[in-house]
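Asks: Sequence:
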Amino acid sequence: MTDPKASHPYLEESAVLAAVSRFLSYEAKLLDERRFTEWLDLLDEAMIYEVPLRVARTNYGDETSAGGHHVFDNKSRLRARVARLMSGHCWAESPPSRTVRVVGSILVEKADEDDLVHVESALILYRQRNDPNPGEILSARRQDSFKLTGDGPILTKRRALIADSVIRSPNLDVFL
Numbered sequence: 002m003t004d005p006k007a008s009h010p011y012l013e014e015s016a017v018l019a020a021v022s023r024f025l026s027y028e029a030k031l032l033d034e035r036r037f038t039e040w041l042d043l044l045d046e047a048m049i050y051e052v053p054l055r056v057a058r059t060n061y062g063d064e065t066s067a068g069g070h071h072v073f074d075n076k077s078r079l080r081a082r083v084a085r086l087m088s089g090h091c092w093a094e095s096p097p098s099r100t101v102r103v104v105g106s107i108l109v110e111k112a113d114e115d116d117l118v119h120v121e122s123a124l125i126l127y128r129q130r131n132d133p134n135p136g137e138i139l140s141a142r143r144q145d146s147f148k149l150t151g152d153g154p155i156l157t158k159r160r161a162l163i164a165d166s167v168i169r170s171p172n173l174d175v176f177l
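Mapping the sequence shown onto this note's numbering, position 121 (from 1) lands on 122, and the numbers just tick up by one.
Any given hint could turn out to be false.
As the list claims (entries may be wrong) - In silico DSSO-like pairs for lysine-lysine, Cα to Cα no more than 30 Å straight-line:
1) Lys158 to Lys148
2) Lys158 to Lys111
3) Lys148 to Lys111
4) Lys30 to Lys76
5) Lys30 to Lys111
Derived from the structure by calculation, the hints contain no laboratory data.
Using the sequences and the accompanying hints, generate a full structural model.
Replies: Right, here's the structure in full:
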């Protein structure tokens, strides 16, 4: 009889799943509290953050536009976005969004490199802009890569695929 753990890609050590789950919960807390500088410290220097355009297609395959992105940033660009958000001169976030992030459906898969894991998760983000209009809900599937270190996981790549083809939000100046 074969070992079921050996053949299933998402049956991982509980310690790795726990570390990644805690990371994602802590990250959501930092972003909801607008502690963006602390959030940047969780990211690898080679970080890539992308939010591709979603295209409505009849077949359920790759529903992204080749090369089209709402956001495609590296760590340097993320630092610049954070500096702008914290400057008080970011009109897209005036007033600042109040957010609540819920992260779930976390699946961890070992990568080819020993110190790297791939993580899939679902994100529900509620956003209120301190106006009389109702808040917005954004949902996304995220594909992350983490480097596992002695100090904990470090996020090296995030691809967030928003469920909607048409985003009804006036801007996308929140981090997914």
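Asks: Given the proposed pairing of Lys30 with Lys76, does the C-alpha separation stay at or below 30 Å?
Replies: Distance of about 20 Å is within 30 Å: holds.
Asks: Does Lys148 sit within 30 Å of Lys158, going by the straight-line distance between their CA atoms?
Replies: 10 Å, holds
Asks: Can you confirm whether the C-alpha distance between Lys158 and Lys111 stays at or below 30 Å?
Replies: Within the cut-off at roughly 15 Å; holds.
Asks: Quick one, are Lys148 and Lys111 close enough, alpha carbons at most 30 Å?
Replies: Holds, at about 11 Å.
Asks: Is it true that the CA of Lys30 sits at most 30 Å from the CA of Lys111?
Replies: Answer holds: Lys30 to Lys111 is near 26 Å, not above 30 Å.
Taken one by one, the earlier hints all hold for this structure without exception.
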